[in-house]
Amino acid sequence: MRTSLRLGAATALTLLITASAAYAENIKIAYIDPLSGPFAATGTNGLHQYEFAAEKLVNEEGGVLGGMNFEIVAFDNKISPKESLIQLQVAIDQGIRYIVQGNSSGVANALTDAIEKHNRRNPDNRVLFLNYSAVDPALTNDKCNFWHFRFDAHADIKMDALTDVIAENEDIKKVYIIGQDYSFGKAVAAAAVSFLGEKRPDIEIVGNELHPIGKVKDFTPYARKVTASEADAVITGNWGADMLGLGKSIIENGFDGPIYTYYAAADGITAAFGESGKGTLKLVAEGGDNPPDKEKAQEYIRAFKEKYPDGNLSQSRITNVVEMLAQAINEAGTADDVVAVANKLEGMTFSDGLWSGELYMRPQDHQLIQDVHIYGHTDVEAPFDFDNSGYGLKIEDTITNASADIDTTCEMERP
Amino acid sequence: MELIFVNLIDGLVTGLLLFMLSAGLTLIFSMMGVLNFAHASFYMLGAYFGYQISLYTGFWGGLVLAPIIVGVAGAGVERYGLRRVHQYGHVPELIFTFGLALLIEEIVQFIWGKNQVSYGIPEVLQFTAFSIAGNSIPAYKVFMIFISVAIFLGLLYVLTRTRIGMIIQAALSYPKTVEALGHNVPLVFMGVFGAGTALAGVAGVIAGPVLGTFPGMAFVLGSIIFVTIVIGGLGSLWGALIASLLIGWITTFAKSYNLEMADLLTALGFEKPEPIWDSAWRDLWTVTSPQIADILPYMLMVLILIFRPRGLFGKRDV
Numbered sequence: 007m008r009t010s011l012r013l014g015a016a017t018a019l020t021l022l023i024t025a026s027a028a029y030a031e032n033i034k035i036a037y038i039d040p041l042s043g044p045f046a047a048t049g050t051n052g053l054h055q056y057e058f059a060a061e062k063l064v065n066e067e068g069g070v071l072g073g074m075n076f077e078i079v080a081f082d083n084k085i086s087p088k089e090s091l092i093q094l095q096v097a098i099d100q101g102i103r104y105i106v107q108g109n110s111s112g113v114a115n116a117l118t119d120a121i122e123k124h125n126r127r128n129p130d131n132r133v134l135f136l137n138y139s140a141v142d143p144a145l146t147n148d149k150c151n152f153w154h155f156r157f158d159a160h161a162d163i164k165m166d167a168l169t170d171v172i173a174e175n176e177d178i179k180k181v182y183i184i185g186q187d188y189s190f191g192k193a194v195a196a197a198a199v200s201f202l203g204e205k206r207p208d209i210e211i212v213g214n215e216l217h218p219i220g221k222v223k224d225f226t227p228y229a230r231k232v233t234a235s236e237a238d239a240v241i242t243g244n245w246g247a248d249m250l251g252l253g254k255s256i257i258e259n260g261f262d263g264p265i266y267t268y269y270a271a272a273d274g275i276t277a278a279f280g281e282s283g284k285g286t287l288k289l290v291a292e293g294g295d296n297p298p299d300k301e302k303a304q305e306y307i308r309a310f311k312e313k314y315p316d317g318n319l320s321q322s323r324i325t326n327v328v329e330m331l332a333q334a335i336n337e338a339g340t341a342d343d344v345v346a347v348a349n350k351l352e353g354m355t356f357s358d359g360l361w362s363g364e365l366y367m368r369p370q371d372h373q374l375i376q377d378v379h380i381y382g383h384t385d386v387e388a389p390f391d392f393d394n395s396g397y398g399l400k401i402e403d404t405i406t407n408a409s410a411d412i413d414t415t416c417e418m419e420r421p
Numbered sequence: 037m038e039l040i041f042v043n044l045i046d047g048l049v050t051g052l053l054l055f056m057l058s059a060g061l062t063l064i065f066s067m068m069g070v071l072n073f074a075h076a077s078f079y080m081l082g083a084y085f086g087y088q089i090s091l092y093t094g095f096w097g098g099l100v101l102a103p104i105i106v107g108v109a110g111a112g113v114e115r116y117g118l119r120r121v122h123q124y125g126h127v128p129e130l131i132f133t134f135g136l137a138l139l140i141e142e143i144v145q146f147i148w149g150k151n152q153v154s155y156g157i158p159e160v161l162q163f164t165a166f167s168i169a170g171n172s173i174p175a176y177k178v179f180m181i182f183i184s185v186a187i188f189l190g191l192l193y194v195l196t197r198t199r200i201g202m203i204i205q206a207a208l209s210y211p212k213t214v215e216a217l218g219h220n221v222p223l224v225f226m227g228v229f230g231a232g233t234a235l236a237g238v239a240g241v242i243a244g245p246v247l248g249t250f251p252g253m254a255f256v257l258g259s260i261i262f263v264t265i266v267i268g269g270l271g272s273l274w275g276a277l278i279a280s281l282l283i284g285w286i287t288t289f290a291k292s293y294n295l296e297m298a299d300l301l302t303a304l305g306f307e308k309p310e311p312i313w314d315s316a317w318r319d320l321w322t323v324t325s326p327q328i329a330d331i332l333p334y335m336l337m338v339l340i341l342i343f344r345p346r347g348l349f350g351k352r353d354v
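From first to last, the protein sequence lines stand for chains A and B.
For any residue, its number in the numbering used here is found by taking its place in the first sequence, counting from 1, and adding 6.
For any residue, its number in the numbering used here is found by taking its place in the second sequence, counting from 1, and adding 36.
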């Protein structure tokens with residue numbers, strides 16, 4: 007009995023070792039984002055973009071460190087910070103060293119704290135946090151740490167770019183700010199007020215209000231107020247159904263000035279606006295034009311649409327994460343020592359990615375400095391449109407190396 | 037001043053839409069005693085069916101066919117679901133309709149996905165009917181008003197002037213007697229359930245293009261229609277109409293005018309605590325009417341339940 011037990015244990019151990027040896031060829035990246043619940047569509051679309059990027063841009067190009075492949079491992083966090091911490095622990099226990107996450111700054115704040123703690127206590131299996139979409143400025147300011155890297159422009163940088171464009175437009179004399187009643191909506195409003203006051207003190211803020219998030223059935227009364235205020239432009243940080251409802255009501259009400267947004271594209275929104283959004287809807291983001299300048303980016307989008315006909319290649323920063331991580335690992339010569347990889351990643355300038363423009367990972371706060379564009383919603387030929395609708399985004403203005411000198415309060419402790 | 041007219045029209049549109057949902061629900065409840073939690077889900081089904089059919093036949097085909105399909109589905113649910121559960125009492129019925137609501141939402145997500153679908157208003161109605169002081173009233177809203185008023189008049193006629201209506205009214209109060217007189221009461225129940233859900237379907241078809249067609253649309257409207265029938269009085273068509281319009285106007289006006297609680301409290305003779313951000317009453321003092329617009333109907337419901345439990349036009353207590 008005892009012998010068989012020992013034998014069994016030994017066999018199990020051998021199996022385990024062989025199993026881990028078989029997987030040692032792959033560098034695993036944990037994708038912790040919502041894959042069920044109301045935000046599942048966004049999370050699933052992001053996962054497809056990561057899997058595709060890892061496959062096309064790294065594995066088919068021969069991998070990193072002479073033949074190791076990237077493997078994306080998905081973890082469903084149900085967009086809850088608590089669940090994310092559990093999934094983070096599972097990922098770490100599986101020996102994963104790279105965490106990517108993007109949806110919700112609340113989750114990102116929880117993860118960055120947990121990862122800093124983990125890395126301090128477990129110097130032998132530290133992990134890196136590659137944040138591709140959570141835009142709370144605090145993550146690269148007060149709450150920054152050595153292990154966190156942000157690949158998206160944060161909310162203040164985007165607002166800085168947006169207000170640059172507004173400031174140049176002499177026709178805009180009155181601005182209406184409206185957003186969802188929670189931290190991000192408030193941050194957008196505060197940033198808009200402070201930047202506009204700085205750049206164009208003559209602009210009058212004729213409305214600054216918050217509405218309940220995800221609860222408004224009909225935005226018509228808000229749209230009436232916008233018209234009644236005689237605003238020339240609207241600024242909103244709304245996303246999802248709130249973005250669509252607000253935008254549609256304002257346009258239907260006869261407003262024809264620009265509506266500056268953060269998230270009025272893809273995930274069904276572009277298709278639903280269709281013709282009505284042309285000339286009015288603007289969006290601030292990083293990334294490429296549609297179609298992109300580089301031939302290989304066009305090829306990449308065609309291939310993606312072939313594999314996922316209903317998907318959108320809506321987050322160009324995802325390929326930046328994958329490509330920059332691959333380069334950092336190659337330069338560091340190791341994927342296991344994340345400190346070496348992080349040292350290569352910080353201060354990296356990267357310009358031969360899919361999209362045009364230069365990327366610079368600022369070492370002070372690990373905020374990626376990149377070109378930020380103001381896009382307009384307009385006709386775009388397939389496959390570069392969104393939602394297969396014939397409509398998409400085209401660049402109207404570009405702020406090169408946006409906010410490269412923006413202040414940061416980050417005081418980073420290095421290992 | 038002009039804004040008042042605009043808001044009256046907006047509130048009318050919202051109210052009439054609410055009426056089409058609550059009319060069916062109030063009839064179903066008063067007749068069968070079933071609080072149909074899945075009622076708003078039939079509204080969502082109406083919108084999605086309307087969208088799907090509009091891909092082949094255009095909007096108008098959807099407007100005709102989708103409510104019929106929803107109504108048949110509703111009648112089927114009554115015949116093969118609710119009627120079987122009915123013998124076990126009200127709680128199983130509640131649980132059944134609750135489960136049905138969840139099921140419908142999952143099915144909708146399964147078939148059409150979690151994103152908003154691009155269900156738009158028909159091209160013939162894409163123009164501005166008229167505008168008041170720079171605020172345009174889209175032709176589609178005028179169309180919505182006409183459809184809902186027509187449905188209300190039709191319902192009123194059927195219920196009060198026709199034989200079927202008389203049987204329904206009688207079955208509401210004395211189902212046993214009506215049955216003893218030789219009428220098929222279960223068939224009447226099935227018909228009312230089917231017609232009620234078909235009405236919700238109509239509401240879905242015409243509201244989908246303006247309020248958005250997405251899997252959460254039933255949830256957004258789900259609770260407010262119960263509030264409507266409680267305020268209006270259970271089983272009363274007039275009550276449902278008045279309560280819907282009341283809710284439509286209250287919420288629209290509260291959102292359009294930034295009335296501040298601070299002004300009201302000052303007018304009442306309270307003194308504003310300074311500095312306000314240190315005060316325990318900060319949240320109360322800084323509330324504005326748009327922020328609380330959507331809970332005003334619930335407050336109205338509480339008041340109604342306290343002072344007139346049978347609702348505005350109801351004949352029996354809730």
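Because the hints were derived from the structure by calculation, they are not lab data.
A couple of the hints might just be wrong.
[To be verified] For each label pair, taking beta carbons as the anchor points, the in silico distance ranges come out as:
| hint | chain 1 | residue 1 | chain 2 | residue 2 | range |
| --- | --- | --- | --- | --- | --- |
| 1 | A | T355 | B | A165 | 54 to 62 Å |
| 2 | A | N75 | B | N294 | 33 to 41 Å |
| 3 | A | P369 | B | D319 | 36 to 44 Å |
| 4 | B | A169 | A | A388 | 37 to 45 Å |
| 5 | A | K179 | B | G190 | 18 to 26 Å |
| 6 | B | V338 | A | S200 | 53 to 61 Å |
| 7 | B | Q162 | A | I219 | 27 to 35 Å |
| 8 | A | H124 | B | I147 | 39 to 47 Å |
[Stated by the list, open to error] Partial pick of chain B residues on the chain A-facing surface, computed with a CB cut under 10 Å:
| hint | residue |
| --- | --- |
| 9 | E38 |
| 10 | V49 |
| 11 | T93 |
| 12 | Q145 |
| 13 | Q152 |
| 14 | V153 |
| 15 | Y155 |
| 16 | Q162 |
| 17 | P174 |
| 18 | V256 |
| 19 | T287 |
| 20 | F289 |
| 21 | L295 |
| 22 | S315 |
| 23 | R318 |
Glycine included, every Cβ here is placed at the ideal spot set by N, Cα and C.
For each hint given before, does the structure comply? Return the numbers of the non-compliant ones in rising order.
Those not satisfied are hints 2, 5, 6, 11, 21, 22 and 23.
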